[in-house]
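S.K.: Since chain A is already given, all that's left is putting chain B on it; use the hints.
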Amino acid sequence: MIAYNKIWLDNLSNREKSINDFYPHIFTDIQKENIENQYPAGFYSPNFFVRIGLFILTFIIAGFSLGLLSLLFISNVGYSFNFILLFFGLVSYGLLEFFVQFKNHYQSGVDDALLWISAISIVVSLNLLLAITLSLNALLICVLSVYFSVRFLDKIMTAIAIAAFMALVFLLYIKAGSFAKATSPFVLMMIASLIYFYTKNKFQENNYKHYYSNGIVIKITSLLLIYFAGNYFVVREMSNRFFNLASKVNVNIPFAWVFWIFTIAIPILYIWWGLKKKDIFTLRTGLLLIAAMVFTVRYYHSVLPLEIAMLLGGIILISISYAVTKYLVLPKNGFTATNIDTRNKQSKLNIESLIIAETFSNNTNAAAHDTNFGGGSGGGAGASGQF
Amino acid sequence: MEKTNSQPSIKLFSLYWEIKTILYLGTLLLSSGLAILIYKNIDTIGHQIILLFIAAICIGSFSYCFKNKLPFKTSKVLPPNSFFDYILLLGCFTLVTFIGYLQFQYDVFGNRYGLATFLPMLLLFFTAYYFDHIGILCMAITALAGWAGIAVTPLTILQKNDFNSGSIIFTAFVLALVLLAAGYFSVKRHVKNHFEFTYNNLGTHLLFISTLAAMFHFEEIYLLFFLLLAGVSFFYYKIALKKRSFYFLLVFSLYFYIGLSYTIINLLFFELNTDMSGIYLSCIYFIASAIGLIMFLISMNKKLKLL
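Sequence order for the protein chains is A and B. Under our numbering, residue 387 is the last one in the first sequence; the count climbs by one each step, no gaps. Under our numbering, residue 307 is the last one in the second sequence; the count climbs by one each step, no gaps.
Pulled out of the complex, with its shape left as it was, chain A reads as follows (with noise of 0.2 Å):
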């Protein structure tokens, strides 16, 4: 089923394994290039931002040939954009199939930028020929999307797969009727769930070996997904869209106290998780999904003024990492504090400095112009609707 050269695959990973176990020690271009030809793949995947470059450049191939395949048939045959829209995503789907087989593009740019062209017309093109349905929609991209995962490996489209399968599930099951209505948080948990044990090691053993960071998608999304369905905030606005069970403001949702729980507690449940089997993904969802508690919890019990929350919430922030700083000088039960990989990429542009210069800045500038002074505090505040 896969695109792709699999040997080439298999080759690619090994590469990455060698050069994993190699890394800490003095890394050469020749031991490099010995690893490269140990494990030879054909595929052209150019540099990163090659990729960038090729992916913005095909988009734009891609919507002036639409701009004149519309322009020459609708003023000349008559045919209408639907058609060709349609004829276009097939046509587009069409050259991702050659330039993945033909030229052995893998990562390129140029593959990246057809499977979404090709996707996305064929989708919207589907919707303007028929009315279709919110739950057929559901269906048309779960479908499409499991399809482009399993072959070209696409980890966005993994991870909308899920989701939209998630919402196909939702929508049929509702329309049982109102017990289905009331107990469909606790349905969606369950199917996460049921997804997340599922496919948590399968995608470590060899049949599915090509699919690994595609199963890495797939854990990440189900446990969002997982605490999304039982979240405070998500079920009453849900519910107030499909249902209009709550309303009016002071009428609260069933079981609302479980609701509450499951926002608490399953963000610290995932961190402890994570922490327990050194296990980075659940961690760091976990830590994600802190954001969206205080959301929640903020959004329905102000009990304090945002900016003395803010304060405090920064205050106990540092304070945390300055107490897990201290603890880890020297690595305790496997954990550091330390960074271990020092090959990151987004370190050669400097983007952690960048993002402090916009977040940081909004209020210096300010606070130095005076005639606005404190104005720019807005741009803090803003940056605080994440909590």
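Don't read these hints as lab results, they were simulated from the structure. It is possible that part of the hints are untrue.
If we take Cβ atoms under 7 Å as the criterion, some of the chain B residues that face chain A in the derived model are [to be verified]:
#: 1; residue: L25
#: 2; residue: S32
#: 3; residue: V108
#: 4; residue: N111
#: 5; residue: Y130
#: 6; residue: L155
#: 7; residue: I157
#: 8; residue: L158
#: 9; residue: V174
#: 10; residue: F286
#: 11; residue: A288
#: 12; residue: M295
These numbers come from a predicted model, not from an experiment. The beta-carbon is built from N, C-alpha and C at its ideal position, and this holds for glycine as well.
M.R.: The following block gives chain B in isolation, referenced to the frame of chain A:
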């Protein structure tokens, strides 16, 4: 670092990025919270207490940093831990806020508004060099640009600058040259070599954007600026080859492509006055030129990899 490197057999689980992110968020929340607190209490009695509080945080942060820092060198000095970096950032932020507050409330600098922005900028540059902190260098450059009247950070560079004014375009162009010169001398004089990229990166984008803005703004003589853009692009072509930089390759290609497309479209619609055929021709131009640029990037990719 050495500790982990000398024992590769034990697989350690690193919490480096997690701690760093939590620290970043903590620092951001604390400083933004402070800024809002001052803003809301500016006319109440409490503001002197807040001022004291800010001063206390500032002094505390800086004394921590002075105590824990490694000796100054003109080459790269690694921070003792990642905590250090963010405490320094907190110190700088509170310092700048403190100065801004003094100016607002007590008019310390009177009507010399320039000084009220110039002094924090100098302090930021000094801190960046003294403690070797690229994030604060970025803040300092942003402050320098703010003093000159323009925004340089990635999200604000297009949003907040009014490139319809000739003087802004000119200022941006000069500032870009200043930043590039700073980058050049960082390496030439061996003063914090690793700051070069930050200067060059911000300077390059500013240079290209101001040149493009000049093309769009001075419509009568846009071809002149197109020639300037072509010259600058050729210069960066050489730089990309010399430094083996895929990043600068992408940057100059895309900016040049925007300028070229503007020129071609202008020629088609305003010089030749084509109607419908112009639309067809421009579609064909975009398809052909993008294919051409893809071929250029692919051949450059090969060339740079072989270097």
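S.K.: Each hint should be assessed against the structure and marked as holding or not.
M.R.: Status of the hints after comparison with the structure:
| no. | hint | in the structure |
| --- | --- | --- |
| 1 | L25 | 6 Å, holds |
| 2 | S32 | 3 Å, holds |
| 3 | V108 | 10 Å, violated |
| 4 | N111 | 10 Å, violated |
| 5 | Y130 | 16 Å, violated |
| 6 | L155 | 6 Å, holds |
| 7 | I157 | 10 Å, violated |
| 8 | L158 | 13 Å, violated |
| 9 | V174 | 19 Å, violated |
| 10 | F286 | 4 Å, holds |
| 11 | A288 | 9 Å, violated |
| 12 | M295 | 10 Å, violated |
Figure legend: structure checked against the earlier numbered hints; hints not met, in rising order: 3, 4, 5, 7, 8, 9, 11 and 12.
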